[in-house]
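Engineer: Here is what each chain is made of, one letter per residue.
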Amino acid sequence: MIWETVRLSLRSIRRNVLRSFLTLLGIVIGVAAVIAMLTIGSGTTEKVKADISKLGSNLLVVRSGRPAGPGGPGGLEQVVRPLAEKDLAALVAHLTGARAISPASQKQVRVIFGTESLTSGVTGTDSAYLDARDWKLVSGRPFSDSETRSGTGVCLIGETVRQQFFGAGDPEGEIIRVNRTSCKIVGLLEPKGYTGFGQDQDNVVLMPLHAYQRRIAGNRDIDSIYIAADDRTPTSELQPRVEDILRDARRITPDRESDFAIRDMTQIADAMASATATMTGMLGAVAGVSLLVGGIGIMNIMLVSVTERTREIGIRLAIGAHEKHILIQFLVEATVLSLLGGIIGILIGLALAGLASVTLTIPFAPSPAVILLAVGFSALIGMVFGFFPALRGARLDPIDALRHE
Amino acid sequence: MASGAHLITFDKVWKSYGQGEARIHALAGVDLAIRRGEFVAIMGPSGSGKSTAMNIIGCLDTPTAGTYSFMGIDAGRLDRNRRAMLRNLYVGFVFQGYNLLARTTAAENVELPLIYRGVASRERRDLAMQALAQVGLVGREHHTPAELSGGQQQRVAIARAIVTRPTLLVADEPTGNLDTARTHEIMELLTKLNEELGLTITMVTHEADVAEYAKRTIRFVDGRVASDTAKLEVAQP
Chain F
1 MIWETVRLSL RSIRRNVLRS FLTLLGIVIG VAAVIAMLTI GSGTTEKVKA
51 DISKLGSNLL VVRSGRPAGP GGPGGLEQVV RPLAEKDLAA LVAHLTGARA
101 ISPASQKQVR VIFGTESLTS GVTGTDSAYL DARDWKLVSG RPFSDSETRS
151 GTGVCLIGET VRQQFFGAGD PEGEIIRVNR TSCKIVGLLE PKGYTGFGQD
201 QDNVVLMPLH AYQRRIAGNR DIDSIYIAAD DRTPTSELQP RVEDILRDAR
251 RITPDRESDF AIRDMTQIAD AMASATATMT GMLGAVAGVS LLVGGIGIMN
301 IMLVSVTERT REIGIRLAIG AHEKHILIQF LVEATVLSLL GGIIGILIGL
351 ALAGLASVTL TIPFAPSPAV ILLAVGFSAL IGMVFGFFPA LRGARLDPID
401 ALRHE
Chain R
1 MASGAHLITF DKVWKSYGQG EARIHALAGV DLAIRRGEFV AIMGPSGSGK
51 STAMNIIGCL DTPTAGTYSF MGIDAGRLDR NRRAMLRNLY VGFVFQGYNL
101 LARTTAAENV ELPLIYRGVA SRERRDLAMQ ALAQVGLVGR EHHTPAELSG
151 GQQQRVAIAR AIVTRPTLLV ADEPTGNLDT ARTHEIMELL TKLNEELGLT
201 ITMVTHEADV AEYAKRTIRF VDGRVASDTA KLEVAQP
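From first to last, the protein sequence lines stand for chains F and R.
Take full-length UniProt numbering: the final residue in the first sequence is number 405, and no numbers are missing along the way.
Take full-length UniProt numbering: the final residue in the second sequence is number 237, and no numbers are missing along the way.
No wet-lab data here; the hints were simulated from the structure.
Treat the hints with care, since some could be wrong.
So the derived label-pair ranges between C-beta atoms look like this [claimed, not checked]:
| hint | chain 1 | residue 1 | chain 2 | residue 2 | range |
| --- | --- | --- | --- | --- | --- |
| 1 | F | 347 | R | 36 | 18 to 24 Å |
| 2 | F | 14 | R | 89 | 49 to 55 Å |
| 3 | R | 118 | F | 384 | 26 to 32 Å |
| 4 | R | 133 | F | 6 | 26 to 32 Å |
| 5 | F | 347 | R | 118 | 33 to 39 Å |
| 6 | F | 367 | R | 79 | 45 to 51 Å |
| 7 | R | 192 | F | 347 | 52 to 58 Å |
Listing some non-contacts, in silico: residues in chain F with all C-beta distances to chain R over 10 Å [stated by the list, open to error]:
| hint | residue |
| --- | --- |
| 8 | 13 |
| 9 | 21 |
| 10 | 131 |
| 11 | 135 |
| 12 | 138 |
| 13 | 166 |
| 14 | 181 |
| 15 | 194 |
| 16 | 270 |
| 17 | 299 |
| 18 | 319 |
| 19 | 325 |
| 20 | 351 |
| 21 | 363 |
Computed from a predicted structure; not experimentally measured.
The beta-carbon is built from N, C-alpha and C at its ideal position, and this holds for glycine as well.
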């Protein structure tokens, strides 16, 4: 009986292809929006997590200045005393439990090769940087210690820089101009793609810190120090040690606050991931509203359908259909309709999410739970919004219904 | 029960609409009895109550007062779903406007009452084919109403009415939309069903030559039976 009814409803859906399609559209768009939002959202969350772990797992980053409070970076209240090489030296000499300690100073700088130019993130650092950040070279070699010490004009470039200047060619040994200085490319960094915030992690140039300080920054400052914990030491344990050593090196008396900030990337990763997840949930909820609108569309069309088929209902009642037969017929029809819309919506939503994952280079992360939920929810919408019209059909008087033109 | 020999009995049946001053009596105390196997034409001007009487006979409607008994059952006191069951089991309907489901094949239309009876698909198909054969529509099973002529559509409707092997066929102006030639074909078909299957037929019509096919004519005027005449020339077996 149920199977008959399902077949019957499929047939009546097929009979009005255009109208059924237009009715479905509401549900299709709603479900597609929800699925796309949630899938892209969870992909982004994964991406953010991966990105931050790419910054280096168990990584502490020291910057000068007080920790930015709710007021943001503008909230610094005193002239910032930058980090200096003696701070780095103190950490290298005294810190235990660290796998790599590396300085970094950064600036957006115009990089030129031949007639091409590109604004790139140029970082002055040393050979431990790659280890600290867990970056790898595709080809070439890192800076040698002597290059780091003497500030030789050598550099490592990211994939974006390579593509801009050399296409698919081999960049090694080529000389590029960075600001007003030149440097020789000695290695190519492994591509890392975009961050969850759309920042190109491959548009980078690394050069020895001294070379950067002398030729680009024009000072002896260090913007930040990256400290990677070794496998046995959690960052939470490493952080107070770093603080002690730096306070000592920077001669900060116990009554004063530190004039530097230590960030634990693991914590930031968690915070970012949960923020993205919240965002995803909210976007999903907004998309969910369109599902409701789709449901009202179903109700509308089912009411039209019941009115339009009053005579048919009359015939069915006359030849012996019970109220429940008519009720089930229209309920099944509404449910099948919205379920169909749900399935099409899921496919479109997944396709959209797939497209987004390609263009935004985030992982494609469809969730079976979300898909099942969407199927169930669209069926539920059909039942809920189809019930009132179906009941109206079932309650018709066969004599009136047969007389209906 | 006294009405045991009768298929249909009206005992002082009233059907009234409206309230107070505006109250209208479509049927005003009708007494009537129809036996199994009869072929009855119900005639009368519009507003005479003949349609109301037919709706009550077909268990579509219930009397306001009085007793309507069908097969010895007090059908006038049954609820909607029980009357639906009664219709499904014992009554077939043929309407003036055919009332077939559009964009649905002849066979599927004929199968419809069997679906509500819970008959399995294969058996349904077989019974539908038999019914279509009985009305002379072999080879048209897969045509939709739009592809059939009026006469053929009415034959499909008759097949749908008899596919359940009902006791009673209720026909409401079955030839109202047909030309003379088609009218006679349909009436001959009904006569054949009456004579060969012993099917009881009650038929509303306002055409005297259509009523001629029936063996008894009941004429309604102002909600009452004005005349009830059996055809004289029919020889009783």
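Engineer: Hint by hint, say whether it matches the structure.
Structural biologist: We went through each hint and held it up to the structure:
no. : hint                        : in the structure
1   : 347(F) x 36(R): 18 to 24 Å  : violated, 60 Å
2   : 14(F) x 89(R): 49 to 55 Å   : violated, 32 Å
3   : 118(R) x 384(F): 26 to 32 Å : holds, 28 Å
4   : 133(R) x 6(F): 26 to 32 Å   : holds, 30 Å
5   : 347(F) x 118(R): 33 to 39 Å : holds, 36 Å
6   : 367(F) x 79(R): 45 to 51 Å  : holds, 49 Å
7   : 192(R) x 347(F): 52 to 58 Å : holds, 56 Å
8   : 13                          : holds, 12 Å
9   : 21                          : holds, 17 Å
10  : 131                         : holds, 73 Å
11  : 135                         : holds, 67 Å
12  : 138                         : holds, 65 Å
13  : 166                         : holds, 67 Å
14  : 181                         : holds, 81 Å
15  : 194                         : holds, 54 Å
16  : 270                         : holds, 59 Å
17  : 299                         : holds, 24 Å
18  : 319                         : violated, 4 Å
19  : 325                         : violated, 6 Å
20  : 351                         : holds, 33 Å
21  : 363                         : holds, 48 Å
Checked against the numbered hints given earlier, the structure breaks hints 1, 2, 18 and 19 and satisfies all the rest.
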